[in-house]
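> Residue strings, one per chain:
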Amino acid sequence: MQDTLLEMRSITKTFPGVKALDDVSLKVQTGEIHAICGENGAGKSTLMKVLSGVYPAGSYDGEIHYDGALAQFRDISDSEARGIIIIHQELALVPLLSIAENLFLGNENAKGGVIDWRETNQRTETLLRKVGLRDAPTTLVEKLGVGKQQLVEIAKALAKDVRLLILDEPTSALSESDSQALLDLMLELKAQGMTQIIISHKLNEVRRIADTVTVIRDGHSVSSFAASEGITEDRIVRDMVGRSMENRYPPRTPRIGERIMRVSDWSVAHPEHADRQVIRNVGFDVRAGEVVGIAGLMGAGRTELAMSIFGQSWGQNITGTVEMHGKPVDVSNVGRAIKAGLAYVTEDRKSLGLILDDTITRNITLANLPEVARASVLNDHAETEVAEKYRKDLGIRTPGVFQKVVNLSGGNQQKVVLSKWLFVGPEVLILDEPTRGIDVGAKYEIYGLINDLAAAGKGVVMISSEMPELLGMCDRVYVMNEGAFVGEMPASEASQERIMSLIVNE
Amino acid sequence: MSVAENTSQSAGATARIGSYLKAHLREYGLLFALIAIMAFFQIVTGGTLLRPINLTNLLLQNSYIVIMALGMLVVIVAGHIDLSVGSVMGFVGALAAVMIVNYEMSIIVTMLTCVVVGAIIGGAQGYWIAYWKIPSFIVTLAGMLVFRGLSLWLLEGQSVGPFPREFQVIATGFVPDILPGGEAFKGLFAVRNFNMLAFATGIVAAGWVVWSGLRQRAQNKAYGIEDEPRAFFVARIAIIALALIFILYKLATFRGLPNVLLTMGVLTIIYAFITERTVLGRRIYALGGNEKAAKLSGIKTERLTFLAFVNMGMLAAIAGLVFAARLNTATPKAGFALELDVIAAVFIGGASMSGGVGKIVGAVVGAFLMGVLNNGMSLMGIGIDYQQMIKGLVLLAAVIFDVYNKKKG
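The listed protein sequences correspond, in order, to chains A and B. Take 7 as the starting number for the first sequence in our numbering and just add one per residue. Take 63 as the starting number for the second sequence in our numbering and just add one per residue.
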């Protein structure tokens, strides 16, 4: 079984002005799970696009040997016909079609253009069972959660006689339990002899399932090692960033002061179903100079809690009080919440946090335009100065503040969002998944900025699905499950096990 | 400095000009397209296009499109569309005719009433769009039918007119020449008429273009914004300034400044200022660029959307008054399908269907580009059939150019 299914030799791919891949090699054995790790922009996705024929043969240098022969894929359908199937980070399902319709989209069970629904549904059921789903084939995809959708994607790949399954960040949007289910499925497919490639940022997952790891950095393949040689997170991180990262969280000496914010008896109903209570009697407080974490699984209601506090941006029938410095404040719309001293950095940077086609300057001043205007007339000079100040203070790497935000990397985009909220001058910042989709190096910088905020006497509320991050950064952690707080503990007493057990025992 | 350094420097400069041109191809393209089209028709019509009388006509003919394009640009930048403006314009014209001709009400009262009615109509549509999140396409499509029907009802299917002279002047009148010295220039330029005010306006406008251009350039330099190559800057400013002087000189030798040009000019300046320089304008662009992000930044997106439609209704009413006064009668057909010309003008002017992108000046130039096409083809005696086709293709070409540019960029 130890023969090679895929070998990519010295792949070099250049774009105008950039060498995205430089002499990258990858060797995948039949029947193994091969993990590819690297920072954002390291070239993982480009490599997979070369493999799948998105960049056709001839547009890159180097050779692809697949199944014992030189392969020259002209496009995706070419590589799919050979059994190479990629499941992208952004799922490619049509939400308003049924599971069965999605599974055979472009590959219908049809005779003379007429679809045989009986066969379609039967085959769908068989495939769904293989991935452990019990939903009816006629269920609309939009009714499924992200975790199930991911499984449907895999079923769709199985429908196509897949030989090499490539999963790009498959668990990035999944909850802990859905992720576990997915990883279990991958191991099961492996047991059946399927060869798989997984691209992932989550090193604990890589350690758990990978047989071999290849690390890519700045377009070069840096190292490749097998499970037998010992896959450790430290080793992967060291190869990924090119330096050892023993301490992933910058040190901080907390100086915690007076209580700034207090939320009590906060309850929120679902915006469409008034009878569904999504947040139930939540209460918490934040002190000056303190970083407070909110742990919980995806779907626990953390984002909903934050958004309902920040100007009632989510939900209905909201009850409860928010106090700042002991006095109740009005947070009934975003403007008032900002005035009360709050800021909220959204989980979804691109669709909720930024105007991608606008410049850095315009994004930074957006929430506080009157500050750079006189009698409602904008002052370009003042605006530029503000943007320049934050560019320097936060280390936004860009040729200039007149660059469009869409051209920045995830980490720099996040710094722009932070700048926007710092310019408002809040007392308490709620950061929702502040490091999602950001590579290791930039994460460290964001952590540093959070520490700076706390050191400046601000209160920080940090929502994160990555427990190590919460444990590394926070002074105090609340645990949330199914819309309610189920525990609170100082960071010194917190551990992943303790948090998980609070969630599970609920 | 060595020779090698010298060449590499000039190569760098060339590359810089190239990349600048690429980034701003759309703006130059629009200006050049307008110039090229005008030059073409000037030649094929044997000089008729730029005759003073035709120029004056051109301005009058397109005034209501330009006025509505200002509001439409705001609506489209906010991420919406308004299909009802042609009908609203016709309805307001009908209302004015009924009030003035049938009920002999005062002109001032009528005009004020009409503008308020326009704003209310805009608000009535904007309310559903902003607060109920009903797609603007549907709400204004309904509005288009409703107000077309309402004008038919109001006019009882008849044309109503003519208007008194005092009302007609808002569209067909000219600003009296209050400046002295016209007589002297008559001799100097060997022309029969010379309106000093029009000529002076041209000079002042050209001067302002040069001054504000230089000021902007100095500012850009100070902030280190990617700067327009000097040759481009000089050429662009010179062309615009000379064109302004030329056009207003031509107008001066006819009957002077049309009232409508004054209205249009003032409105254009006001709207350009609001959209580009004020907090309100910036927020409208933010709303169109990413409504959710704008809302989470504390911007009252619903109210802004509502106001964009109120404003559109108001401008449609002003256009309706101008249109009725120009035709000297209100007909049930007035403004039919005009919304399409207005929307086309805005898109030719570089606005994006998805919102957040577009400029007032672009929309105005887009409207005139369509106007010159109409006028030039009519002068050539090209049938309405071909005219429609050519206009359609120009719109498509402009948008394809945009999309292609964006992909390449």
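Since the hints were made in silico from the structure, they are not lab data. A virtual CB, placed ideally from N, CA and C, is assigned to each residue, including glycine. Mixed in with the good hints, there may be bad ones.
Over the 12 Å line for every Cβ pair with chain A, so calculated as not near, a few chain B residues [claimed, not checked]: (1) Val160; (2) Val271; (3) Leu349; (4) Leu358; (5) Ser359; (6) Gly360; (7) Tyr466.
Listing some non-contacts, in silico: residues in chain B with all C-beta distances to chain A over 10 Å [to be verified]: (8) Phe199; (9) Tyr285; (10) Phe368.
Taking lysine to aspartate or glutamate and the DMTMM-like style, the derived pairs with C-alpha atoms no more than 20 Å apart in a straight line are [stated by the list, open to error]: (11) B:Lys354 / A:Glu310; (12) B:Lys362 / A:Asp336; (13) A:Lys410 / B:Asp289; (14) A:Lys196 / A:Asp224; (15) A:Lys410 / A:Glu433; (16) B:Lys283 / A:Glu211; (17) B:Lys354 / A:Asp363; (18) B:Lys283 / A:Glu310.
> Output the indices of the hints that this structure fails to meet, ascending.
Numbers 3, 4, 5, 6, 9, 14, 15, 16 and 18, in rising order.
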